[in-house]
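Please work from the sequences and hints to get the whole structure.
Which chain is which? The protein sequence lines are A and B, in order. Going by the working numbering, the first residue of the first sequence is number 1, and it counts up by one from there. Going by the working numbering, the first residue of the second sequence is number 1, and it counts up by one from there.
Just so you know, these hints were derived from the structure itself, not from any lab. A few of these clues could be false.
Partial list, derived from the structure: chain A residues whose beta carbon lies under 7 Å from chain B [claimed, not checked]: (1) I181; (2) A185; (3) Y196; (4) L197; (5) A204; (6) M219.
Okay, the calculated beta carbon distance ranges per label pair [as the list claims (entries may be wrong)]: (7) A:H38 x B:A213: 43 to 49 Å; (8) A:P182 x B:L106: 47 to 53 Å; (9) B:H62 x A:P182: 42 to 48 Å; (10) A:G317 x B:V200: 40 to 46 Å; (11) A:R316 x B:P201: 31 to 37 Å; (12) A:N93 x B:V88: 55 to 61 Å; (13) A:K343 x B:S117: 44 to 50 Å.
Sample of chain B residues lacking proximity to chain A, with all beta carbon distances greater than 12 Å (derived) [to be verified]: (14) A37; (15) L80; (16) L93; (17) V105; (18) S180.
Since this is a predicted model, take the numbers as computed values, not measurements. Beta carbons: idealized from backbone N, C-alpha and C, even for Gly.
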Amino acid sequence: MATDAHILPLARPAPRGILRSLLLTLPILIWSLLMLFHPGTNTDPKSRIAAALTAIFMTALFFMMMRTRSTYRWRRYFFVSLGILFPIGFIHNLLVMRGFMGIPVEEMIAGRTPFCFMPIPLLILPAAFTRTLVFPGSILGSQHGIAAMVALWLAITLVMGKGWCSYACFFGGIEEGMAAIPPRAKIRKLDTRWRYLPWAVLLAMVLLSLALFEPAYCMWLCPFKAVTEYVAARNALGLVQNAIFVLLFAGLVIMLPLLTKKRTQCSFFCPFGAFQSIFNKTSIFEIKIDPAHCKPCLLCQNACPNLSLSKESIARGETLLSCMKCGACVDVCPRQAIVWHIKGTEIAWKPERARLMFLYAAWAMAVMFGGSIITQGVATILHFLV
Amino acid sequence: MVECDSVVVCHSSLTHALDDSEHPHMAVFVSYGEALALGLASGPACITACGPVLVPSLLAAHAGFKPHVRYLSVFLAARLVGYMIFAVVAWELGLLASMLPAPRVLLMGAAYVLLASVLFWYAYSVRRSCTQPCADSKLIQIGKSRNCGIAGAASLGFLTGLNLCPPFVAAGVRAAQLGSMAAALLFFFFFFLGTSVWFVPFISLGCIVRNQAVMTVARMAMALIALYYLSLGIAMLLGKKTYGY
Numbered sequence: 001m002a003t004d005a006h007i008l009p010l011a012r013p014a015p016r017g018i019l020r021s022l023l024l025t026l027p028i029l030i031w032s033l034l035m036l037f038h039p040g041t042n043t044d045p046k047s048r049i050a051a052a053l054t055a056i057f058m059t060a061l062f063f064m065m066m067r068t069r070s071t072y073r074w075r076r077y078f079f080v081s082l083g084i085l086f087p088i089g090f091i092h093n094l095l096v097m098r099g100f101m102g103i104p105v106e107e108m109i110a111g112r113t114p115f116c117f118m119p120i121p122l123l124i125l126p127a128a129f130t131r132t133l134v135f136p137g138s139i140l141g142s143q144h145g146i147a148a149m150v151a152l153w154l155a156i157t158l159v160m161g162k163g164w165c166s167y168a169c170f171f172g173g174i175e176e177g178m179a180a181i182p183p184r185a186k187i188r189k190l191d192t193r194w195r196y197l198p199w200a201v202l203l204a205m206v207l208l209s210l211a212l213f214e215p216a217y218c219m220w221l222c223p224f225k226a227v228t229e230y231v232a233a234r235n236a237l238g239l240v241q242n243a244i245f246v247l248l249f250a251g252l253v254i255m256l257p258l259l260t261k262k263r264t265q266c267s268f269f270c271p272f273g274a275f276q277s278i279f280n281k282t283s284i285f286e287i288k289i290d291p292a293h294c295k296p297c298l299l300c301q302n303a304c305p306n307l308s309l310s311k312e313s314i315a316r317g318e319t320l321l322s323c324m325k326c327g328a329c330v331d332v333c334p335r336q337a338i339v340w341h342i343k344g345t346e347i348a349w350k351p352e353r354a355r356l357m358f359l360y361a362a363w364a365m366a367v368m369f370g371g372s373i374i375t376q377g378v379a380t381i382l383h384f385l386v
Numbered sequence: 001m002v003e004c005d006s007v008v009v010c011h012s013s014l015t016h017a018l019d020d021s022e023h024p025h026m027a028v029f030v031s032y033g034e035a036l037a038l039g040l041a042s043g044p045a046c047i048t049a050c051g052p053v054l055v056p057s058l059l060a061a062h063a064g065f066k067p068h069v070r071y072l073s074v075f076l077a078a079r080l081v082g083y084m085i086f087a088v089v090a091w092e093l094g095l096l097a098s099m100l101p102a103p104r105v106l107l108m109g110a111a112y113v114l115l116a117s118v119l120f121w122y123a124y125s126v127r128r129s130c131t132q133p134c135a136d137s138k139l140i141q142i143g144k145s146r147n148c149g150i151a152g153a154a155s156l157g158f159l160t161g162l163n164l165c166p167p168f169v170a171a172g173v174r175a176a177q178l179g180s181m182a183a184a185l186l187f188f189f190f191f192f193l194g195t196s197v198w199f200v201p202f203i204s205l206g207c208i209v210r211n212q213a214v215m216t217v218a219r220m221a222m223a224l225i226a227l228y229y230l231s232l233g234i235a236m237l238l239g240k241k242t243y244g245y
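Now the structure itself:
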């Protein structure tokens, strides 16, 4: 095995010129203004300020991606902001609309449960068997409706595959932020068999959802209930459910990322992430490793926040199916052996062009979906402060 | 001529009318045809109820058509035994149709706890290979014996047979209206045949390649499902509400 001393880094590509970077950023600037300002509808001045701040933030990050030719670091600023600001805006919205965070059974029966993307894999089999959606929400609701979320998820997923988990998931940012705090990992050796657990959770939850005719994951195991909309506990069982949510959140989203510097909830638990991995097969974008340039220093394996690289996969010149296309491995490789790649082309075929094509799709989606959530969170803070 | 408002009453009345007439064989035909139809109609509910137990345990079995047919046959046979034992005991106690909700919940709670225990044991032991470097290869072969899953299949099938799911309760109510225990048992047998047809597609899981990933996922899923059944069973035994928070 080669050590770091034996790795001769190739010269890193020079930063792109400012004018050229600005030109490349211009489409994102226009898209941000269109998506975040909602011309003609948004008249609240604080919301306009929030939209302007978000547009500047998103455009500046994209500019830096263009200028520095690196992805992960700038994406992480966006992603952590999304993870922190989503609960702020969402909880505020719940308190304004309903008066409390806990959802009582009456609200569920009335079909007013907000729908997030997590239960999508759990709905498929019951819908196929019975033409019924086992979720107590509204299909065509104006806010958090099932149809809108499913359509958005499908469109994004077909293009980006599991890139959803790095650019759209409004939960993953919390643990990515936690993982960024410590300078180095306290726990370095992780048993890679735990990588199978998300698939097991997916299988168990799909089968239980079909048997119980309810979204079992949302009812029992979702760690993010702790920071969004928990079950209104009216008896011992409700307390047990909430205790499970809080313990999973504290363990998988706070403690383990601090100790391992990895996205542990995504890597070892999230059933939606496992389901999303399947769509890496349909996406045209992927990460490839050029064996001609690679000296297996394993810096990429250590940098991957999702344990999506193994010695075997590096030897094969590819990532594992669970790759979230965050770009950490590409940025850290000292020999530029890891590249963005479009399926059907040669590995060495213009990797920067492949990166640009992916980033335009990913960032356009990030602005539209995540940008709106960030705007809502910033507007909430402005309402409190100003 | 028998007049009735609903299909269920109509079937029941028709059977009794035929019982009293000179065509007992027709009554038998109607009763067991009804049991078969009830089983066929309830099949989807049965496979969804048994799916959390059956799918991961099948995925933990050896790949291929034959091992799956063998596993499923044992599972279903044990399920039939569970049906029959429940029917005999309930008939003798006069509880087949009139079991009160409280003892029914207790019985289901106990069945869930047992099911969880078997699932935990199965998840831990199934196709567990020896990791000791000094172990003899023949010892590893014993651990991978093709018969080691049969006890698991039989236990899981038997315990799911005791699971009082709604179609099973419906069959129990109807069987209680028959004249003898033998007739009730035969009714359950035909009901079982009807539901079993729906289990045949599970054999196709044998086409999935078995590697370390599939085995590990299957075993982890079994443990998770066991955890769910255990908590549900304990809640039922303690008399706590499992829904309606």
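Structure-based check of each hint:
Proximity of A:I181 to chain B is violated relative to the hint, the smallest CB-CB distance being about 30 Å (cut-off 7 Å). Look at A:A185: its Cβ only gets to about 24 Å from chain B, farther than 7 Å, so that hint breaks. Given the 7 Å rule on beta carbons, the hint for A:Y196 holds: about 4 Å separates it from the nearest Cβ of chain B. With a cut of 7 Å, the hint placing A:L197 at the interface with chain B holds, because the nearest CB-to-CB distance is about 6 Å.
With its C-beta approaching chain B no nearer than about 4 Å, A:A204 sits inside the 7 Å limit, and its interface hint holds. Because the closest C-beta pair between A:M219 and chain B is about 9 Å apart, greater than 7 Å, the hint is violated. Taking 43 to 49 Å as the suggested C-beta distance range, the pair A:H38 and B:A213 conforms, at roughly 46 Å. One distance hint, 47 to 53 Å for the beta-carbon pair A:P182 and B:L106, holds here, with the actual separation near 50 Å.
For the pair B:H62 and A:P182, the beta carbons lie near 45 Å from each other, so the given range of 42 to 48 Å is met. Our hint of 40 to 46 Å for A:G317 and B:V200 holds, since their Cβ atoms are close to 42 Å apart. Checked against the hint of 31 to 37 Å, the pair A:R316 and B:P201 passes, with Cβ atoms roughly 34 Å apart. At roughly 58 Å, the beta-carbon separation of A:N93 and B:V88 lies within the given 55 to 61 Å, and the hint holds.
Between A:K343 and B:S117, the C-beta spacing of about 48 Å keeps the proposed range 44 to 50 Å intact. Non-interface call for B:A37 relative to chain A: holds, since the shortest CB-CB distance, roughly 19 Å, exceeds 12 Å. Every CB of chain A is more than 12 Å from the CB of B:L80 (nearest about 21 Å), matching its label as outside the interface. Interface exclusion of B:L93 from chain A stands, the closest Cβ pair being 28 Å apart, more than 12 Å.
With a minimum CB-CB distance of about 14 Å to chain A, B:V105 clears the 12 Å threshold, and the non-interface call stands. Here B:S180 stays apart from chain A, with its beta-carbon at least about 34 Å from theirs, past the 12 Å limit.
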